[in-house]
Each structure stands twice: as structure tokens, then as C-alpha cells.
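As you go down the protein sequences, you meet chains A and B in turn.
Heads up, the first sequence is in the numbering used here, so the first residue is 21 and it goes up one at a time.
Heads up, the second sequence is in the numbering used here, so the first residue is 21 and it goes up one at a time.
Keep in mind that the hints are not guaranteed to be accurate.
No copy is singled out in the list; a pair is fine if it fits within one copy or between any two copies.
[What the hints assert, rightly or not] Here are the simulated DSSO-like cross-link-like pairs (lysine-lysine), alpha carbons at most 30 Å apart as the crow flies:
1. LYS385 to LYS176
2. LYS226 to LYS273
3. LYS385 to LYS174
4. LYS404 to LYS90
These aren't lab readings, by the way, just hints derived from the structure by calculation.
Protein chains: 2
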Amino acid sequence: MDFEQYATLYRANLLDDVIPFWLNNSEDKQFGGYLTSLDRKGKVFDYDKFLWLQCRQVWTFSMLYNQVEKRQEWLQFALQGANFLTRYGRDHDGSWYFSLTREGAPLVQPYNIFSDCFAAMAYGQLYKASCDPQHARIAKETFFNILERQENPKGKYNKTYPGTRSLQSFALPMILTNLVLEIEHILEPASVKQTIETGIETVMNKFYRPEFGVILENINADGSFSDSFEGRVVNPGHGLEAMWFMMDLAVRKDDRALMQKAVDISLGLLDFGWDEQYGGIFYFKDIKGYPLLQLEWDQKLWWVHLEAMIAMAKGYLHTGNEACWQWFERLHKYCFEHFTDGEYGEWFGYLDRRGEVLLDLKGSKWKGCFHVPRALYQLWNTFKQIESNHQAMNQQ
Amino acid sequence: MDFEQYATLYRANLLDDVIPFWLNNSEDKQFGGYLTSLDRKGKVFDYDKFLWLQCRQVWTFSMLYNQVEKRQEWLQFALQGANFLTRYGRDHDGSWYFSLTREGAPLVQPYNIFSDCFAAMAYGQLYKASCDPQHARIAKETFFNILERQENPKGKYNKTYPGTRSLQSFALPMILTNLVLEIEHILEPASVKQTIETGIETVMNKFYRPEFGVILENINADGSFSDSFEGRVVNPGHGLEAMWFMMDLAVRKDDRALMQKAVDISLGLLDFGWDEQYGGIFYFKDIKGYPLLQLEWDQKLWWVHLEAMIAMAKGYLHTGNEACWQWFERLHKYCFEHFTDGEYGEWFGYLDRRGEVLLDLKGSKWKGCFHVPRALYQLWNTFKQIESNHQAMNQQ
Numbered sequence: 021m022d023f024e025q026y027a028t029l030y031r032a033n034l035l036d037d038v039i040p041f042w043l044n045n046s047e048d049k050q051f052g053g054y055l056t057s058l059d060r061k062g063k064v065f066d067y068d069k070f071l072w073l074q075c076r077q078v079w080t081f082s083m084l085y086n087q088v089e090k091r092q093e094w095l096q097f098a099l100q101g102a103n104f105l106t107r108y109g110r111d112h113d114g115s116w117y118f119s120l121t122r123e124g125a126p127l128v129q130p131y132n133i134f135s136d137c138f139a140a141m142a143y144g145q146l147y148k149a150s151c152d153p154q155h156a157r158i159a160k161e162t163f164f165n166i167l168e169r170q171e172n173p174k175g176k177y178n179k180t181y182p183g184t185r186s187l188q189s190f191a192l193p194m195i196l197t198n199l200v201l202e203i204e205h206i207l208e209p210a211s212v213k214q215t216i217e218t219g220i221e222t223v224m225n226k227f228y229r230p231e232f233g234v235i236l237e238n239i240n241a242d243g244s245f246s247d248s249f250e251g252r253v254v255n256p257g258h259g260l261e262a263m264w265f266m267m268d269l270a271v272r273k274d275d276r277a278l279m280q281k282a283v284d285i286s287l288g289l290l291d292f293g294w295d296e297q298y299g300g301i302f303y304f305k306d307i308k309g310y311p312l313l314q315l316e317w318d319q320k321l322w323w324v325h326l327e328a329m330i331a332m333a334k335g336y337l338h339t340g341n342e343a344c345w346q347w348f349e350r351l352h353k354y355c356f357e358h359f360t361d362g363e364y365g366e367w368f369g370y371l372d373r374r375g376e377v378l379l380d381l382k383g384s385k386w387k388g389c390f391h392v393p394r395a396l397y398q399l400w401n402t403f404k405q406i407e408s409n410h411q412a413m414n415q416q
Numbered sequence: 021m022d023f024e025q026y027a028t029l030y031r032a033n034l035l036d037d038v039i040p041f042w043l044n045n046s047e048d049k050q051f052g053g054y055l056t057s058l059d060r061k062g063k064v065f066d067y068d069k070f071l072w073l074q075c076r077q078v079w080t081f082s083m084l085y086n087q088v089e090k091r092q093e094w095l096q097f098a099l100q101g102a103n104f105l106t107r108y109g110r111d112h113d114g115s116w117y118f119s120l121t122r123e124g125a126p127l128v129q130p131y132n133i134f135s136d137c138f139a140a141m142a143y144g145q146l147y148k149a150s151c152d153p154q155h156a157r158i159a160k161e162t163f164f165n166i167l168e169r170q171e172n173p174k175g176k177y178n179k180t181y182p183g184t185r186s187l188q189s190f191a192l193p194m195i196l197t198n199l200v201l202e203i204e205h206i207l208e209p210a211s212v213k214q215t216i217e218t219g220i221e222t223v224m225n226k227f228y229r230p231e232f233g234v235i236l237e238n239i240n241a242d243g244s245f246s247d248s249f250e251g252r253v254v255n256p257g258h259g260l261e262a263m264w265f266m267m268d269l270a271v272r273k274d275d276r277a278l279m280q281k282a283v284d285i286s287l288g289l290l291d292f293g294w295d296e297q298y299g300g301i302f303y304f305k306d307i308k309g310y311p312l313l314q315l316e317w318d319q320k321l322w323w324v325h326l327e328a329m330i331a332m333a334k335g336y337l338h339t340g341n342e343a344c345w346q347w348f349e350r351l352h353k354y355c356f357e358h359f360t361d362g363e364y365g366e367w368f369g370y371l372d373r374r375g376e377v378l379l380d381l382k383g384s385k386w387k388g389c390f391h392v393p394r395a396l397y398q399l400w401n402t403f404k405q406i407e408s409n410h411q412a413m414n415q416q
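For reference, chain A alone in the conformation it holds in the complex (with noise of 0.2 Å):
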């Protein structure tokens, strides 16, 4: 395929079949919100609602509104989530609960903090588009609200003795500064930078450890290797995902280091977790070989091989480098030929080893509206302008 077909392909997945899928199958009319947990041909199997699913689809149709195209179908597909969360999805001070039932009652409490993550970056574009100032206020005290969390976010739910081992995670800083760009146009310009340079900092030279050729998913509070379960753990879908975040930031700052640095990154983890048996990236990979706490490790999630597509996509892009263009060819076929669904459309998240759909279903507490769609829009957009930096060339 040429760059414009592939262009064509990913506009037209997006907004020809998953779009359509979820505006046509998640819509719960009788509460407000959505209904996630939707079986291979859309139907609901479970109602219960996710924090981090809710606030997840809200940004996609907000994002599709603001960046696509301006309708309203989309734009009131997002509100009638939106006015769902605003209703039930805070506690008392304002952080955001993990889930509730169909009718809005609260049934996990708040204590994971990338729900309230989700929450900001949902009403951040969501106010773009809507303008009403009651959703940037949302935004904002979520925001807040977030950095006085973050040394504790799981608060009096953390588990960890204090002192003995404490660990930093790598979610946090790479989704931080993801976030700051999302809600961007309603903070302080300062904050936003800073928090960016922490976040390239933290994600470039903490993380990410040359010694191993790759980032880790938790290092020791002084910086240093922790050789345990935890510490030895790789999710090579996480690391290619905070890698485009960089490679965003690196046009952004006009940094061609930091790109390099990224698309190098991006190559060690596709050489580090792709699995040369069967193909496809492994979900959980130990940094020396040892077995493994997460029993799901050599499984092939959707999110995975999204964001490495994204990661190669944008790489070839700004360096024109053959490997990326070449892992791209191989992921964007690993992914048509296991993931589509040519008959109910959308994604299968869950294949086995061996690239068999384990779990048939399209959405359900962790998988919905928001990896597929995001990647197949960044897709489109990296080929559009893969596309158009070669025409310009040809004229040359």
C-alpha cells in the first residue's frame, strides 16, 4: 500500500466502523453515560460503569469534534457522558471514584488516580469544544487536585509498607505530561512547561535505562535498578506509547535529539518484546528472563500494538529511518490480519499467544472507546502528512 492508502484505510476504519460502533451500541439512554462492557457484536453483556472507560470516551468524541469535524451528533455524544460524570463521578473532595453502578452509584472508591487523570483530560477537550466554563473548571480542579495526590495517589489504599521498598512508578510522570497538553489552553503556561521538561526528564533518563536498552515500568526512589518482581517488570506497549508522547514533544520543542533518542527507544523495546515465535509484542516481559508474576505476559493486547504502530509511524516521519517504516509494514499487518473484525467491526483487545481471539468481547472494564479510535486518528494524520512531505519531495 502507498502512504495515502493507508491514509484512507485508517480514516476510513475510524470513522466508518468503530465510530459508528460504539455511537451505535454504548449509548445508555435510560441513565446517561455509557455501557462499556459490549460482547463481539456490540450487545451489552454487563452494565456496570468505569471511571477510566466514561471519562475515556467523553475525550475521544470531544477530540473528534474539535479536530475532525464539527458534528453535533459527536459533540452531544460526548455531553451526554460528561453530564453523567459531573453528576455522580466525584466524592466529597472531588476525586474521582474508580466505577459506579449503571444508575450512577458509587461502587469503587478513588483510589486510583488515572481516573482523575482521564477526568481532566475529558473535560479539558471537552470545554474546546463545548466552551462552557463549568467543564474547564472541572478540568482544572481535577488537575489540581492530581498534583496534591501525586506522592501518594493511592492514598490510605496503598498497600506498601512506608520505607522498606518505596518504588516510583512510571504512569504517572509519561501520563502527566501527556495531560498538560491535553488541557493546555486553561493553565499557566510556566506550569505547563515545567512539568513537560520533569516529565522528558523523568521518562528519558530515569526510566528509561541504557544498561538494559529499555524503560521499566518502576525504579527505586533513588533512581537505581530495584531487582524484585516489580522492579525487573517491562511493558514494552507502555514504553512505545510514552515514547510518541515524546516524539510530540521533541516537534514541539524542535529538539532533534530527544526524536532520535525516542525512535532509538522505540526500536530497542519492538526488538526487546516482539515475539519472533508467533509475531506480535508481548503484554510483560522480565528484564532478566526470570519468570513472571503477571500470568497474562504473552498475550497480545490491542492498546500494545496501536501505540507501537504510532510510535513507527511518527518515526518514519521525522527521520525517514527504514527500520521504523519496516516494523510499521510488520505491525500494521500483525494487527489487520488478528485484531479487525470484518464481520461486527471494531477491535479484538485479548489474543492469545499465538494471535487467537481469547476474549471475543469490544469492550468491558479496561478496553473501550479510546485506544482504537485515538490510534487510528493519529495514524491517519501521521500518513497525511507522510504523504504530503513526499509529494513535496517529488516536486522537488
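Once you've looked at the hints, dock chain B against the given chain A.
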């Protein structure tokens, strides 16, 4: 194979293979306690100490000393684990931590009441061997602490929002039924009797659901079915383990109806849990056939199959049911073809759906010196009884 050959095989696997594996590889000579993260060959790959496994290993060696033979080596091995645990295992109010560093510093807080259950089992069994009143005292204090905590076992670490969906879990009442028998020698008879009666009622009349023919892991506080991810999940191995506890109680109470019901439920769980395509018992299934949250749902775990073998052997011993015998032989064949490691000893723990080894460890955070030796001891003894009944019949 005839009954005697089965008995001989299990005895040999226990005493000549599995127990030496742990004696040779898991002693922490430097700091005391056990090193349970062992690779295929028995080499230590991680040093964290998980209380479940520390306690279970004390129990196993104490039980062998009490039941099989008064080998000093076994008692010493139990004591060296218990000495470490007595010194480092509990917080200020006597609750047992979830994990410790190799040196004994607390890593994870006492959020998990099963650590306490296994501690009470370990010290109760050890007291029978050591006659050290300190061991009886620790077992007793721990047991009373469990009773005090049982209404909210996770304490402040409980993330469930109170009142919205209060589920009862199957695990604690089931394990208490077993625990009171383990520490019967240090409890009041009335307390043992009451716990047993409550346990039987709870397991057989509340968590067993005739309309589904299986045991559920979680039910509503009022005893009704919860149509949620937690309410729909079935763990066939867990149910089968409970059923041989019930069979032991039926023998004790000389209750034929209870025995018959436990056998019938076991057969139902095997019909429900067996993988017709690749053999072996699924780890989890949804009672309505919906997609599960457990990504490891289709894996084949060592303990599930061992508990099933015990249930079928005991069922056959006590009822002569031919279906039990056929299941038993099928399970034995599956286990000895897939789980035992002829090359390096002990059993693999985690197979993929097809029965191929997924993680080639012999121990880690959840697999230790417990299910394999307990099952081999139970099977050896059950077959001695089957054989002796068989001979008695032939002599009539």
C-alpha cells in the same frame, strides 16, 4: 494401574521428588525462612518472602512430621521457617503482613486475611509436632484475630464503597471450615462445631447454586445472585477444593447426604470446568458465558487439577461412584503428562490452554510448597484406603 500402584506412585512423588526439591533448594540459610521463587531447576531467582507461602511451607513440613514419620529434618525445617515468621511476620496488633524482604522487613501491609489463616494453620500444625506452647499461643491469637476481622477482612484497604453492592465472598467461610479442623486441638469443641455447621451451610446452601449447578465465588449480602463480573465468576478448582473439605466433614459427621451432595457438586463442577477442546480444567468461567475480566481464564493451573483429583479420589472411596473413577483417571493422566517435570522434579504450575508450559517456575509469589505435597499426601492415603477396602471386599 491398580490402586496400590497409585498409592505407591503418589508416595514416591511426594517423598522422593517433591519434598527433596524444597528441602534442597528453598532454605534461606542466611536469614531464615524460605526462598520460594525457584526456577525450573530449583535456583532462587527472587528473594521476597510472601507470608502465604512461608506459612504454608511450615504447615507442610509439620504435617509430614505429624502424619508420615517423625523425621527430625522435617521438624527442623518447619521450625526454621516458623522462627523467622515469629520474629518478623506480624504487625503491632498481631495481623500478619502480606510480604517481607529476605531480611524480614515488612514490604506489604496486612491487608490480606488469608495470610493470617495460613499462619494459624501453620502454628497449629507445628504445635502438634513441637509441643512448644508459644506455637499454640500464636495459632490461637491469630485465629481470634481472624474472627474479629472477618466482617471487613481488608480493613482500611477495602476499596468497595459501602452499601452499594455488598458481596459475600466464598473464600473465607470455606477456609475457616478447614482451619478449625487444623487447630481443633487448641480450640473449644463448641467453637469448632459451630464454625463447621456454619461453614457447611454457607458453602452448600448459599454459594452452591442449584439453578446453575456450580459454586459461585461471590453472592449478594442477602444471598441472591449478583449479575456482575464478580457475581458471575466461577473458579471450578476452588469449588472442587471445598468439596473435598466437605467430604472430610461428611466422614467426620457420618453424614451420607452431605457426602452425596459434595460428590454430585464435584461432578457438576468438572463437567462445567473441563476444556473439551484441549483437556484440563479452566481457571475461570463466567456462569452466563460472558467474557471474563480474568485474562488468565483459559489457563490450566496445577492446584486446580490437584484439588480435582483429591475430590474424585475421595468421592470414589466413599461412594464408589464410577463417574468419579473415570474423572480421576482422566485427571491423573492429564497431570502426569503435563504438570510433572521428569527432568528437574516438582510440578510446573502454569500451563496455557493447550497444556504447554507457560511459566516454567517451580515456585514464586503464589506457588510454593503446599498444594503439590498436600495433594500427594491426600492421594497416597486415599488410595491406601481404597486398596484396603478393595482387599477386604475380595476376602469376603
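Hint by hint, here is what the structure shows:
1. For the homomeric pair LYS385 and LYS176, the shortest alpha-carbon distances inside one copy (23 Å) and between copies (24 Å) are both at most 30 Å.
2. Proximity of LYS226 and LYS273 under a CA criterion of 30 Å is satisfied intra-copy only: 20 Å inside one chain copy versus 62 Å between copies.
3. In the homo-oligomer, the alpha carbons of LYS385 and LYS174 lie at most 30 Å apart both inside one protomer (19 Å) and across protomers (23 Å), since each shortest distance falls under that limit.
4. Only within a single protomer do LYS404 and LYS90 lie at most 30 Å apart by alpha-carbon distance; the minimum there is 20 Å, versus 77 Å between protomers.
Checked against the numbered hints given earlier, the structure satisfies every one of them.
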